[in-house]
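Peer 1: Produce the complete structure using the sequences and hints provided.
Same order as they appear, the protein sequences are chains A and B. Quick note on this note's numbering: the first sequence kicks off at 13 and runs consecutively. Quick note on this note's numbering: the second sequence kicks off at 13 and runs consecutively.
Be aware that a few hints might be false.
The list makes no distinction among identical chains, and a pair is therefore deemed to hold if it is satisfied within one copy or across any two copies.
Below are the PhoX-like pairs computed for lysine-lysine, each with C-alpha atoms no more than 20 Å apart in a straight line [stated by the list, open to error]:
1) K110 with K237
2) K331 with K230
3) K110 with K248
4) K351 with K225
5) K110 with K225
6) K162 with K351
7) K230 with K110
8) K110 with K246
9) K225 with K150
10) K331 with K225
11) K228 with K110
12) K150 with K295
13) K228 with K331
14) K225 with K295
15) K331 with K162
No wet-lab data here; the hints were simulated from the structure.
Number of protein chains: 2
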Amino acid sequence: MSDREVLDDISHRRYNPLRGSWILVSPHRTKRPWQGQKETPSKTSLPVFDSSCYLCPGNLRAVGDTNPAYPETFVFVNDYSAVKEDQQDYVQPESGDKSSLLLQAAGVRGKCYVICFSPSHNLTLADIPTEMIVPIIKTWTALYASHLPKSSPYYQVPAAELGITVPGDQYTYMQIFENKGAAMGCSNPHPHGQVWTTTGIPEEPSLEIQNMKEYKRKHGAGLLKDYVDLEITKEKRIVALNDHFAALCPWWAIWPFETMIICRREVHSLPELTEEEQIGLAKVISIVTKKYDNLFETNFPYSMGIHQAPLDGDPEDRKACHLHLHFVPPLLRSATVRKFLVGYELMAEPQRDITPEQAAERLRNLSGDEVYRGNLVCCPEA
Amino acid sequence: MSDREVLDDISHRRYNPLRGSWILVSPHRTKRPWQGQKETPSKTSLPVFDSSCYLCPGNLRAVGDTNPAYPETFVFVNDYSAVKEDQQDYVQPESGDKSSLLLQAAGVRGKCYVICFSPSHNLTLADIPTEMIVPIIKTWTALYASHLPKSSPYYQVPAAELGITVPGDQYTYMQIFENKGAAMGCSNPHPHGQVWTTTGIPEEPSLEIQNMKEYKRKHGAGLLKDYVDLEITKEKRIVALNDHFAALCPWWAIWPFETMIICRREVHSLPELTEEEQIGLAKVISIVTKKYDNLFETNFPYSMGIHQAPLDGDPEDRKACHLHLHFVPPLLRSATVRKFLVGYELMAEPQRDITPEQAAERLRNLSGDEVYRGNLVCCPEA
Ligand SMILES: [Zn+2]
Ligand SMILES: [Zn+2]
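Peer 2: Next comes the structure, spelled out in structure tokens:
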């Protein structure tokens, strides 16, 4: 039995060098019966325009403004931002006890944006043609570039029609992400993502940067550059590939159909992508989201996030970063059966049953050109 | 404005010294409207005995055995264990490429148990009288003690009626946990928990032990001993308290109503508890689970886990450990509205809206003596 086949059969841990953490894989366990909660598949038959949607062109938002008649993407400041530009400062109080050790806090300022991906209420990234995904990538890029320090070679004044109001302060990190589907707590099917930019680097990117920095110091090469090259030669975990980007189920994936999209060139942030690479990224996003929908023939829920260099701070941090996207989908074995991260996984260690190689094989064999969505709840009254 | 009040108003990060990680708190954001998915509240009107339940006394389980007519608790080996006692060994293959660096794996062996908390199908920890929670604590203790190395002063042969078959191998860590409710992926309402014991220390306890060990080296005292003492003087985050245990919303809580139960004495593992301390723990578990049910007048879902010393390994690890329980409940603002850990939280940093102090105040003010469950779906045909 080859080593690959041994890992198809035995319980084992896999190491995630990007986080410096382990996950438990139990491949023999996939035969377990399912008796738990079921998800409601997402509704279909959405209109192109919904007069009650706060993201559709021309509609009034809850707090204030009216959306313009935007033709491609549209950016606005989140009406319910998790971080704010102006707030009182916080200074940890002096204390005679151990509060300064055990009750530490630090103020966080920042700005939150919403990006509409398309004026059409009823499209998802899987439906939007590749040439209309490029403007979304260009909007992400413009947002990032306009928040860089003015001294950066990649700094750019955003085009007026984007409606981006650049903050007066220099923030440190920009997290671009998308929540799709009710299973991911997303309240509106209108295709959109979010961008939160903050003082300080958040926990996850901070952990990844630390590990990428140490890898570079030790091995003189980029962790994700080495990794994407290795996976392309191994083939087993590749989901989609073109000259510029690879989509794969990472060796250390936690979620059943988790994928990463990694730039094949060692690029630190979005503004460094060439026009051709932007198209390459749009193509891979289109293929991955179509494959996801086809997997269970449903409108596939996920959280997606882009990791790239911090806006500001240590230049060694920036150089250690390698542009990549994470897709984290909750579904496990059908449009209605999800994986739960509970119990052992919360208290001890993340755990998965099917191996990343099995997941990659299933995704690889699905169409990335067309979308099939049989398992939708048809809901004409919605 | 005092510092405490500042943190009620501004976005800030709080440090978790137990994990060495940060979380984002956005207290101003609690006014956000909710349009997302709703949970189905759990069903009521369960029978005391369900002939189709594989955990009820006298019933046949899917794979093989018949449950005995147990009077208190009952332990059996999980029919669908995530780890097994016997499996092929795995040796990382030699390779000329970077596989040994980027595709690391290690075999994991172990044993998984299920513990029925009560013969009654329709009770939860909130319903079980305190004096019947004590036998559950004694069963957890017996399981742990019987898996210690025979040289340990706390080693115990398990009582025959528990039905515990001790593995031939010495495992390193034992994770005791409970998943309660469909929202936590739990398929069976019969009150029960699980125990997974493995070679190697899993990710979460390993991280905590590392931080507790470093704290002890630096400050000459136990991290959780210092923390529980400090919280008792601060009062604000305490939910329930007796001479032996404190229940509190930790300073660094991620989930809206997350709590920890911490032993007030620096005890490393369950077998070190005195009879009186066992009763103290049973009382606090009873109060916390009753308060949880009363919060939204529902059968409150959660994951619970016990962290204590490893079974085997470095004695300094054992000495750094301090017995505690984590309760992680998903509900946010009613029996049907849950918190999702998605988007920014998966990609960047966990985030919460209501502060741990606000959560503790709400839990403190609820009854811990009686249970009210108005918001149940009455489901006579179930
Ligand atoms: Zn990343
Ligand atoms: Zn813990």
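Peer 1: Against the earlier hints, flag every one the structure doesn't satisfy and list their numbers going up.
Peer 2: The structure conflicts with hints 4, 6, 9, 14, although it agrees with all the remaining ones.
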